[in-house]
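Undergrad: Same order as they appear, the protein sequences are chains A and B. Start counting the first sequence at 2; every next residue gets the next number (the working numbering). Start counting the second sequence at 64; every next residue gets the next number (the working numbering).
No wet-lab data here; the hints were simulated from the structure. There could be a bad hint or two in this list.
[What the hints assert, rightly or not] Partial list, derived from the structure: chain A residues whose beta carbon lies under 8 Å from chain B:
(1) Gln24
(2) Val49
(3) Asp50
(4) Ser53
(5) Arg59
(6) Val61
(7) Thr80
(8) Pro84
All values reported here derive from a predicted model rather than from experimental measurement. C-beta: ideal position from N, C-alpha, C; glycine also.
Residue strings, one per chain:
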Amino acid sequence: MTTMANDSTTRDADAVTTPSDTQWPLWEVFVQPPGGAPHEHAGSVHAVDAESALQNARDVYARRGEGVSIWVVRSIAITASTPDDMGPFFDPGNDKPYRHPQFYKVPRGIRM
Amino acid sequence: MTPNKPETNTEDPARIAGFEARIAAGETIEPKDWMPERYRRQLVRMMSQHAHSEVVGMLPEGNWITRAPTLRRKMSLLAKVQDEAGHGLYIYCGTETLGVDRHELIQQLLNGTAKYSSIFNYPTLSWADIGAIGWLVDGAAIVNQTMLAKASYGPYARAMVRICKEENFHKRQGYEIMATLSAGTPAQKRMAQDALDRWWWPSLMMFGPHDTDSPNSDELLRWGVKRKSNDELRQRFINLTVAQAKAIDLVIPDPQLAFDEKTQNWLIGPIDWDEFWRVVRGNGPCNQERLAARRQAHDDGEWVRVAAAAYAAKQARAESTSEAA
Ligand SMILES: [Fe+2]
Ligand SMILES: [Fe+2]
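Start from the sequences, fold in the hints, and give me the full structure.
TA: Right, here's the structure in full:
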């Protein structure tokens, strides 16, 4: 049995070439609670492959019936907006009040 | 802590002001947001110590799994210890969002450079200690973690919310053990009282030094990492626990314990801070033993890690050959 303890780890090394004692790839975990709500980000796990990522995710994030379904996805596969985008990126949604029901007037006393 | 922090000199004061304004407005700081380097470091320090505490915290209790008095107690203890492993993982995962590797953190734990909560350097001498840990140690952790669930750093706060949901079972199973022993034979009752005598003061020390001696507190409060001071949290824990002890006919080992009508607080006698610092500096009853056990567990798990990596490699090979065919 070889122990390859080394410090040259990267945040997301390649699964198949990762020595046993360094960092395994990171997976983000999404759990769907019972009752039809959408999957929600629960956290992350390290695992050598998708199958063990799912098992780890079950053990770490669903010990009490928290989930009826779990997704795992490699963290490096996620593209996310950046905080710098925040203003301009979401602006188009913020300056259109006519997308909200409060924008429209209804006669007094009418229940909608 | 180095007295000279170069990072604060190089950071734009306007940016820091903006950051602090966000915190003051109750906004949550997320991993990709700009943050002062010092905020990031304080969080890495705090969160990794917290994660290590969850992991090392499994050891004193793991010690009693095979000797639990009934199957029911054994199942509870197994489930609790497994939860603590999960807590460690939630918080390591939160710490990784600050750009550090879990691997690196675990190495620091194993080579003895990382700190963890001193409470876990005390021995579990009798079954009643398992009751006292659940009741007092998890009880104190709940008080602290309930506050941290409102921490300004999103991933930390969210990990705490998850943890708090699980902790109540830990506390109640411990309190149930104590209540059962206290209502048992005279020998069982003595065992329960003895455990309370030994765990009471270390539990109070879990909240850290008095506010006047806690150099990190001001900054952590200002940045919304903490929402209450060490002494406030400790007082809350004391007030909750005194009545619980009375209800199961156990005596808090503090002759100076007295209720203050004016503040509605239970006031305690002096805490032995020499003992606290002795244990923090590595000279507690079990510091060596805990690290040795942790290293052993890590080494014993080596074959599992090797097997998992070999299996994944084999699967990947099989996949690529079947694709080629
Ligand atoms: Fe915990
Ligand atoms: Fe716990």
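Undergrad: Going through the earlier hints one by one, which of them does the structure break, listed in rising order?
TA: Structure breaks hints 5, 7.
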